[in-house]
Amino acid sequence: MSRHFSEDKVASFLASQKYRILDQNVIFPTGEIDIVASKGRMLVFVEVRYRKNFDAAETVDLKKLERIMQCAYLYTGGEGSYRVDVFACGPKGCHWYKGVRLDGCCESVEWLNLW
Amino acid sequence: MTSSFYMLSPDDDIFCGRLEQQALNRPLYVRGSSIKPLEKTVGIVGTRHASSYGLKVAYELGKYYASEGYVVISGLAYGIDQKSHEGALEKGTTVGVLGHGLDFHYPKSTLPLRKSIEEKGFVITWYNHEQGPRKAFFRERNWLIAALSDFIVVVEAPMKSGALITANFALQMGKEVKAVPGDIDRDSSAGSNMLIFEGAEPVLAIPKDAEEQYKSCKTVQDLVAAVGSLVEAGQLIAKWQSTGRVILEGEIIHWV
Amino acid sequence: MDVVKVWSGLTFGDRFVPVEIQITYGAGLPAFHMVGMVSESVEESKERVRYALKSVGKSIPQGRVMVAFLPSEVTKSGAHFDLALLHGFLKGNSERLIVGEVALDGTVRATVQSLRVIAAAYNSGTKKFICPRLPESVLKLMPDGDFFMVEHVSQLLSGETSTAVEDEGGTECQGRIGLNDVKGSGIKRVAMIAAAGWHHVLLMGNPGVGKSMVAERMVGIMPSMSNSEKLDLLASTGTLPDHRPARFTSWNSTPAGFFGSAKGTPGEVTFAHRGVLIMDEFPQYRKDILEGLRTVLDCRTVLASYGSQRLTWPADFLLVATSNPCPCGYLGHPKKVCKDSPTSIMRYLGRLSGPVADRIDMHYWVKADEPNEDVKAVEERVCNVWELQKSRWESEGFIHAGHIPGERVDELVEVGSSVRKLLDDSVEKAGLSRRERHKILRLSRTIADLEEEHDIGINHLIEAISYRQVIPWLRSLVP
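For the protein sequence lines, the chains are A, B and C, in the order given.
Sequential numbering from 1 applies to the first sequence in the numbering used here.
Sequential numbering from 1001 applies to the second sequence in the numbering used here.
Sequential numbering from 2001 applies to the third sequence in the numbering used here.
For reference, chain A alone in the conformation it holds in the complex (with noise of 0.2 angstroms):
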C-alpha cells in the first residue's frame, strides 16, 4: 500500500525531535499503526491523518482511537509506558496532538508547519 507524503513528513519531522522511528506501517489484526517511534523509554505511538477540506482531526472517533490503544497494547505486550499522538493534517499545517486518550483530551496540543 502507498504509503501518503504526510506520513513520510511526520516521521522526518519527529526525527528532527530526536525521536527513533522504530517502525512504520505495521500491520497488527486489529488495524494498522502509522508510526512507531520512542524517545527514551517512552514509546510513541502515531496516527497520520490528512484530509484536504477540513480538520481532519474530526475524522479520529472513538472507534479508531480504540484500534490504535490495541494496537499499541499488542505491540508492547501491556509493558512499559507509551502514548498515542495523533497528527491532524491540512493542507497549510499540522495540528499535534499530544497524549491523546481514549476520551479524545489529551496532554497539549501544538500547530506545526510542516510543508
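Calculated from the structure, these hints are not laboratory results.
Built from N, CA and C at the ideal position, the CB exists for glycine as well.
Incorrect hints may have been included.
[To be verified] Label pairs and their calculated CB-CB ranges: (1) A:110 <-> C:2124: 22 to 32 angstroms; (2) B:1254 <-> C:2376: 12 to 22 angstroms; (3) C:2399 <-> B:1254: 29 to 39 angstroms; (4) A:101 <-> C:2035: 16 to 26 angstroms; (5) C:2380 <-> B:1069: 45 to 55 angstroms; (6) B:1194 <-> C:2334: 18 to 28 angstroms; (7) B:1112 <-> C:2287: 31 to 41 angstroms; (8) A:62 <-> C:2281: 50 to 60 angstroms; (9) A:76 <-> C:2256: 55 to 65 angstroms; (10) A:62 <-> C:2047: 15 to 25 angstroms; (11) A:54 <-> C:2287: 56 to 66 angstroms.
[What the hints assert, rightly or not] Derived lysine to aspartate or glutamate pairs resembling EDC-like cross-links, with alpha carbons at most 20 angstroms apart: (12) B:1120 <-> C:2428; (13) C:2429 <-> B:1249; (14) C:2140 <-> C:2166; (15) C:2421 <-> C:2455; (16) C:2046 <-> A:61; (17) C:2183 <-> B:1249; (18) B:1120 <-> C:2425; (19) C:2429 <-> B:1232; (20) B:1120 <-> B:1185; (21) C:2376 <-> C:2181; (22) A:64 <-> A:32; (23) C:2128 <-> C:2288; (24) C:2376 <-> B:1249; (25) A:92 <-> A:7; (26) C:2421 <-> B:1222; (27) C:2058 <-> A:58; (28) C:2058 <-> B:1150.
Fit chains B and C to the supplied structure of chain A, relying on the hints for placement.
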C-alpha cells in the same frame, strides 16, 4: 309496626258517604299521617304478574290521576297495584287497602311502599290489627276498593283474577269501569280486553300534561302561583319551549 | 478556566424556567459535547450552529468544546437555544435572555417554542431579550420589553437591530362573526347569556338544526382579548390569534391531544384558553376525556404529572358542547320518529348526566323552526355584563358569575327574602342537589345582569331553571 291507628265507622266524614251507600256497618282501621276526606277517588287494579307495558301504564295512570287531584285507591300487592301507588305518590296521594290487620304486611316486597304511603296518605283495612292475612279476606278487600273508588281502571288482568272481581263489584255498585287494552296474545291481559268487549270504556291515551290547565297564565309569576313550585314551573317552561309551544320574553309568556 | 455564560430559557407548562448555558474549551481532539439532559432537538443545534458560524466566516474553536445547560435536572428540548450558543461563541457573556432558532445560512427565526419562552419570561419579570424579529402584535403585548432583534447572525457582531415584522392590516375585525346569521331568538339568547356570564352550555337538538354553527359564533360576541390574556395564551401555546380562540375538537381526540402531554405540548383545552372550546357530539367522547374534563372545569387549569415533573397550563375556556338527543338523533323531532330502543336512548342520555354534564350550567334544546327576532346590541350587552361582574367580584378573585365557587354562591348572589324562600321550598320539594341550586343562582344572576336589573326576580330564576330541564324532558319522551 306498632304505631297508632284509628278506628273509624263507615259513616265517617272522610269516606264522603261512599260506604253508607253500600249499607254496611263494620268499623274500619286506618293508619297514616295524612288522613283526609276522599273527595275524588279512582281505583287502579290489575294483575301481580304484569308485563312491562302494564307496569308502565299503571305508573303513568297513577301519576296522571294524582296530578288531576284524584286519590288513587289500590291494593298494595306487587305488580300493577304497586306501580299505580308509586305513580300516585309522585304527584299526589294514595290509599292502600289491606286484606289483613294493620300489624301484618303481605306481600313483603311492598313493605317500603307501604311505609311511604303511610307518610303521604294512609292504609285502611277491615280487620283487627292482630288479624293475619287469609285468602277469603282479599275478596272482601277487593269489595272495599270498589266501594271506596268513584270508578275503576283495570290495567292488565287475566281472565280469573282479583282485578276482575273488583270490576264486577264496581259494576254491581253502578260505578264506571275502564280498562286498558292489552296484547291479544297475552294471557295476562285477556281479562281486561274482555271487559272492553263487554262494554267497558277503553283507556286509549294517558293525557301527557296539564298544558290546558295553565294556558290562562300570562306571566311567569302567574305560572309559579298556579304550579306552586319554581322548579316545576321551570320544568314546564323548558318542555313548552322545547316543543315550541311558548316563547318566554322577560316575564311574559307568549302562547304559540 | 474560561467559562462563557449566556442564558436562555424553557417553558414548563406556562411557567418560565431560566436556563444558563456555560461554554468552556479543553485540549484534545475536536469534540462538541453537550450535557444537562439535552434532548435530540437540542443535540441537533450543534450542526446548525457549526454552519451558521461558517456563514459569518467563523468556526467552532479548535479542540474540545463543552456546553453545559443548567439546571441540569430539567430536560431541555426545542430549537431555540441556537442563538444563545452562537452568541456565546461569537460575543461571549450576555446579560440578556437569548432565544431563537438559526438556519444553516445564519438567518434567525422565531419558533413557536421561542415565542412561548419570551412571553413566559416577560410574565415572570424578564425585560431584556435577544431574539428573532417579532411581529408588532407580539411586541405590543410587552411594552416594557427591551428587544434586540436579529435577522441574521452577523448582527450579533455588528450590533445592528432589526425592526419588527409589520402586521398584515385588517386582521382585527376579520373572523369576528356575530349572531346575525343565526336563526332563532331563543338560541341567540342562550348564546348571549353563556358569553356574558361564562356559563358552559350544552346545545341539544336534532341533526342539522345548527348547533355547531352557533357554537362557533360565540367568540364573536365576547369582548376582545386583553393584553394579559393574550400574553398568557402566547406563553402557554405560542399562538396569538387576532380574536378569542374557538377550538373545534373531535370526539376521537386522545387525552394527550386534548389536555396536553406531560412532555410539554399543550392540548386543545389550553389552546382554547379565554375562548371557546367546542365539543361536537359530546356523548361520543372517550370516557377518559370526559372524566378528565371534570377537574379541568373545576380548576380552570390542566395539571399533568410526568415522572417527577408537574406541569400546569391555563385552561379557562367556555365549554360549548353539542349533542343529539339519542343515537339516531330524532327523539323530540316534530315529525320524524326516533327508531332507537328505550335502553339505548337511556344509555345515551345517561352519558349526558354524568359528572361532567353536571358542571355544564345551561342545557338548551335547539329547534329548527324557532321564531327569529333580532336581538339588539348583543356585543354591547355582553360587554356591559362583563364589566359589571368584573367590578363586582374582581376583589374576590374571579370575574364571571360562572366562576363563583360553590361554597360562596349563597353569600355572593343576593336574592330577596321572599324569592329566596320560594326557591328554597321548590328546590327542597324537587329534591335538587346543592350544586344544582348553585347553578340556578349563578345563571339567574347573569340573566338579571343582562336585563340590567339589580334584584334577581322570579322570572330570572324560572328562566335559569328552565335551562336545566331539557334532559328530564327528553327522558319523559322515551317510550
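* **Violating hint indices (sorted, rising)** => Structure breaks hints 1, 6, 13, 20, 23 and 28.
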